Amino acid sequence: MKKLFVCLCLVFVAFSAHAQNYYENIASYSINGTPANGVKIKTNMPFTDGSHMMTVIIEGFAYNSKAPIGLMLTYYIYNNNFYLPSISSYGGFTPVVKLANEGGKVVILIANREYYIRFTVRAFAKGLPAEVPANFAGWTVVDEALLATATSQIEVPYVNRFAGDVYLQGGIWNKDGNVGIGTTTPQAKLAVNGDVFAKKVKVTATGWPDYVFEPSFTLPALPELESYIRQHKHLPEIPAAAEVEKEGQDVGEMNKKLLQKVEELTLYIIDQHKQLKNQDEILAKLQQEIAELKKQSH
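Using mature numbering (1 follows the signal peptide of the UniProt record, and there is no 0), the letters of the sequence shown correspond one by one to residues -19 to -1, 1 to 279.
None of these hints come from the bench; they were simulated from the model. Take every hint as true, because none was put in to throw you off.
FRET-style restraints, in silico, Cβ to Cβ:
id, residue 1, residue 2, range
1, Leu240, Ile162, 24 to 34 Å
2, Val173, Gln212, 32 to 42 Å
3, Ile219, Val177, 19 to 29 Å
4, Leu128, Asn236, 53 to 63 Å
Okay, derived cross-link-like pairs now, DSSO-like style, lysine-lysine, Cα gap no bigger than 30 Å in a straight line:
id, residue 1, residue 2
5, Lys238, Lys227
6, Lys79, Lys23
7, Lys255, Lys237
8, Lys214, Lys238
9, Lys242, Lys181
Predicted, not measured: the structure shown is a model, and the values here were computed from it. Ideal Cβ positions, reconstructed from N, Cα and C, are used throughout, including at glycine.
Hey, can you work out the whole structure from these sequences and the hints?
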């Protein structure tokens, strides 16, 4: 009996300690319309250095965003400023959240005028002797902007970190840093099994084929080029259709090769132009000689 009594006492002490560190239903909020200024949580936490280090959890539903609310906010007060503030969302609702000092108390502003939202607030704090349970009572939630006299205002940055493979609907972001869209087995940093629509794509490439215009470049003779095409059914240095269908094609490398062929074609055209010009000059000279011979014969 004595042992049972001791065990019950230990359980009670443990529960009491937990209750002092974990605070449920600190505040709640609901609106059937749209807040005019945003939603401000007026806490009872003093804005004093080292007074507390806690986690505030806001959970509910955002009708207009069609998403559950799941926000986890942490901060510390150091040197009269918010230190290392961060927020993460596990509900799909990511509004702008600000912290400020109003009249010596911490306020949390959800700077979002969202139609029809509901949420409750709970908190967790542990490890600081200055923690006072009374600070977690008397919180209110109002439709109100930050006061003009508010100080130490800061927008809290969102931080979400994941470990291992992150599975998405229709894709994956695996632990190796590869992202798959439409596939769960990406073999590259980005693998897309489907169409991609973009206004602009920039590919970094080296070895751009300006060397074609260098005097040292040897332009293939046209008979040799014709013979190669007849045999291989594609241009030199350009992959065959079967290879592309099997292995795919490096867009940057293909652009370089296509430009090289355009530059080679330009040189062929320039050379052909010179030949035609020379032939025109020879033809004009022959025509002149023929005309003079006709005059002499008369």
